[in-house]
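**Q** Given next are the chains, with one letter for each unit.
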Amino acid sequence: MEKHLSDKFYTAMKKLEPRYPTKKALILPALHQAQEEYGWLPKEVLAEIAEYIGVHAAQIREVASFYTMYNLKPVGKNHIKICTNVACCLRGADELMSFAEKKLGIKCGETTPDGLFSLSEEECLGACTTAPAMMANDDYIEELDVNKLNDFIEKMKVVKS
Amino acid sequence: MSQTTLFEQHFWKESNRTLEYYLQSMNGYQAAQKVLKEMSPDQVIDEVKKGNIRGRGGAGFPMGMKWSFIPKASEKPKYLVCNADESEPGTCKDRQIIRYTPHLLIEGLIIGSFAIGCKHAYVYIRGEYVREAKLLNAAIDEAYAKGYLGKNIFGSGFDLEITVHRGAGAYICGEETGLLNSLEGKRGEPRVKPPFPAVSGAFGCPTAVNNVESIANVPHLIRMGGDAFAQLGKVDKSGGTRLISLSGHVKKPGVYEIQAGSMTLRQIIDHLGGGVINDKKLKAVIPGGSSSPILSADEIDVVYDVEPLMKVGTMMGSAAIMVIHEDTDLVKLLMRITKFYEHESCGQCTPCREGCHWMESILHKIIHHEAKPSDLDLLVDVAQNIGGKTLCALGDAAAGPVISFVKKFRPEFEAYIKGQKIYA
Amino acid sequence: MPKCTIDGKEVEFKPGENLITVAKRAGVEIPVFCYHPGLTVVAQCRMCYVEVEKMPKLQTACSTMAAEGMVVKTQSDPVVKGRAGTMEFLLLNHPLDCPICDKAGECDLQDNSYGHGSAYMRHSEERRTYVDVDMGPVIEKNMNRCIHCTRCIRFGEEVAGIHEMVAIKRGNNIDITTIDGNPLQTEYAGNYADICPTGSLTLRDFRFRKRAWMLKKTATVCEGCSKGCNMEIQHEGNVIYRCVPRENLEINKYWMCDEGRFNYHYTQDPTRILNPRSGNASISWATAIQELKSATEGKKVTFLVGSDLTQEELTTVQEYVKAYQKDSSVYHFGTEGVAEIADDGQADQILKMKSKTSNLFGAEKLGIKNVSSMKSTSDVVVVIRGGRADLESALKQVQGKKIIGMGVFLEKDAAPFSMILPGLAFTEKDGTVFNHSGIEQKIKRAIVPKNTVKTVSEVLMLVANQKTKEAVV
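Residue numbers (our numbering), protein chains in the order written: chain A, 1 to 161; chain B, 1 to 424; chain C, 1 to 473.
If we strip away everything but chain A, and leave its shape as in the complex, we get (with noise of 0.2 Å):
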């Protein structure tokens, strides 16, 4: 089989073994160290952690899928996900949501056509008090406004290249 995964990635899980007792533990943490390298998880990569895990394809697929992170399919480079739940919804989260999907020109759900940003609604992120708030990427903003939105996005925009 042609290898997809990075030395890097096999560094990583070797460092992880002796941490659990089973190989099968790693495959969190794999999927996560792949999608970190891949930005999301194609079947192919599925195929070669379970093979590194030692199961089968389809039982990667079945954890893989039951967790929302993990990106089954290609996302945009920036991946901004607005929490829309109760303590957010109550702070205007809604609006934000139209807001940042007039300003993408894109539906919740939908990644612009330059691939640049993927938006998504977001269950509670746990930033209840300085709601509302969003994760972009791996980072949260909080106290979130139409402000900071629209300045994220101009901001990320620059950075293209």
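Mixed in with the good hints, there may be bad ones.
[Claimed, not checked] Okay, derived cross-link-like pairs now, BS3-like style, lysine-lysine, Cα gap no bigger than 25 Å in a straight line:
no.	chain 1	residue 1	chain 2	residue 2
1	C	K57	B	K407
2	A	K23	C	K169
3	C	K365	A	K77
4	B	K186	A	K8
5	C	K365	C	K444
6	C	K73	B	K193
7	C	K169	A	K24
8	B	K151	B	K37
9	B	K13	A	K148
10	C	K3	C	K73
[Said to hold, decoys possible] Calculated from the model, a selection of chain B residues having no Cβ within reach of chain A, i.e. all distances over 12 Å:
no.	residue
11	A59
12	F69
13	E128
14	E142
15	G155
16	F158
17	V192
18	A228
19	R266
20	S296
21	H364
22	G388
23	K421
Keep in mind the hints are simulated off the structure, nothing from the lab.
Each residue gets a CB set at the ideal place from its N, CA and C atoms; glycine is no exception.
Given chain A, put chains B and C in place with the hints provided.
**A** Leaving out everything else, chains B and C in the frame of chain A:
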């Protein structure tokens, strides 16, 4: 009333999260040292029992009792697993602990591991807390470097490893057996109980699963002594302080700390939260995370703790209070809550998988004025067919809001069905 | 033994037994979907609710172990309402295609709906639908009918040893499936159809061939290998439509392999030889018996008997040789490389044995030796086989001799034989077989054989009695 706090004063300053600060300003690692050098595991568990810590994750189970369930004579390894999945909507207190006092958690893990005989503790942290996981790992590295973790800690002969395991976006992994499956590399589907984790938990071994705040309280408890810790609580069977996540329509949302049972819900909203924003009238309060049955404005003179809230038909859960003012469309809010549970249902058991979706569909019809008058009773009946019938507590979490919203705010639902518009 | 009370009846139980098992003993049937005695308990379907005294919530009987003094109610109002609630939930998305569903008539969903559901429907929402993937030649998938009991997933993981059936996504969108349309890899795939409580996984081989309630059932034993899996032949109008495993906890538990399940097909093969023939020409039985007599009478003959024959057939041959063929010898044949029981063993981790015939143990018990130990052979060889014994391994030792065949042969087998006397397949006769560990079991006639075939004893008796006149046969 002036409050004794154990956490709050250390929050919001990034420099507080260092080991140096912890050692200098918080008597860092002295409790662990005392435990490892001077106490037996049973003595630690007894002290924790005396301290009356109730689980801070949601169920409110007495922590000392949980630890005492771990069999002493077991050939299998034992595990302490810290639940840092913090996923009940409204809750964001554990995040504060990890961000600002991570060493408190690590020290708590050392003491807890010693008490139950665990050699490798895991912290299961929700996937979205990318930054928090990094901070925690950095703190763990600091502790390893100082010899507070690893082999022969404080020369006591006790060894402990800690591994941070990241989740990947699933509310249900906050349920302890769902969490354990996720830790094992499986789908985060809750397990049938019995066997309980104390008998067969992580990797089939005896396991205690405790919330971040519960574990982070342990060093305080040991330092103060169980009795003094218990006395911080102002109601029976509930010791220490409580971190409250106060959000929604209050002037000053935030994570606050009060002595357990020392304030009513109204006092918390008025004194800590500064009252309702724009001086609007209070309409309702969700007192313990989005799964707790809603309270109407006239029900909030209740002492904010596990048992008083249970008596008024709701629950303290993870101590996440969401305040709702008069201009809020509760039908839409319920729809949002129901949608959440529908989205997070793992799908393994019938009532939750099918029922949450059905409730969402009925609410959708109500909101779009497509519902029949009988649909409201149908909605409640469906909720009752879910509540108490599911494999884990998610079913109850989804059913509770529906039943309480309709019971307490029925006219708003009826208005929708009649095609009337209350809110713009 | 400890006792508990179920619906007012006191019942004894063994510690560790769940309430479903204990209730059954008390004559109380508790409805289930996800529970299967051969699989782990997951308590997911929430159908088997019972009320247990001192417990505030309804309990699932599958995951509740009986305890001393436990008082259980299986028919109380909360139980009835709980089960009706579960039935309603399960039917929200189940299509009403029972009339064209192969599972109809033996469907747990139908039966439990009839027993515990409501006659009225309260929902008007659109049903959830799926696009089905191909799963290979054995199983046809219809996900719309699935009730997510996960029996198939657990069967794959726990019994078949392969985690190829999985749950993809979660919640209301969960899909129980294989991935990418790959064919099922397990050689036990037919069991997926047996354990599926709805028509979500059905047997392609059986699809649209017969309504389940028309089938007659004959309890017998599989002849596919020396395991002796218990099975049921299901037939109607003297035609077999399928074979399914029959519970035997000592041998095959609840399962059987696909090879055994589909093995019966050769007995109904259009090329099966059903008339006596000499060379390529059909002959009468009178001629056939006459020819067999003249070819063997007073001569040294080698008899090769398949270890796929019943104990009765093997004994008949042995006795016949003793009485009428003094200097002749008898050897058995069956599976290349498995000459005796000592060579036999598990062919996989599940059920399959190396010996591909059903009665090697029986042949050995009679003192018959394997053909591989044969030093020399006579000019005339009589090969008698049930239908599965491997001809090649027998015939390679007797090349160039006059070979007469008795038993079940297809056209493709015919060439080496100078004459063939057609016999009965395992589905057409009664008899005894001994499995690899010596367990004695009965095979049963499910199908009335064609009147142009004869049993081993008929043929040998006719030869022995020299009653070879046309009129007699």
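**Q** Which of the stated hints cannot be reconciled with the structure, identified by number in ascending sequence?
**A** Checked against the structure, the hints that fail are numbers 3, 13, while the rest are satisfied.
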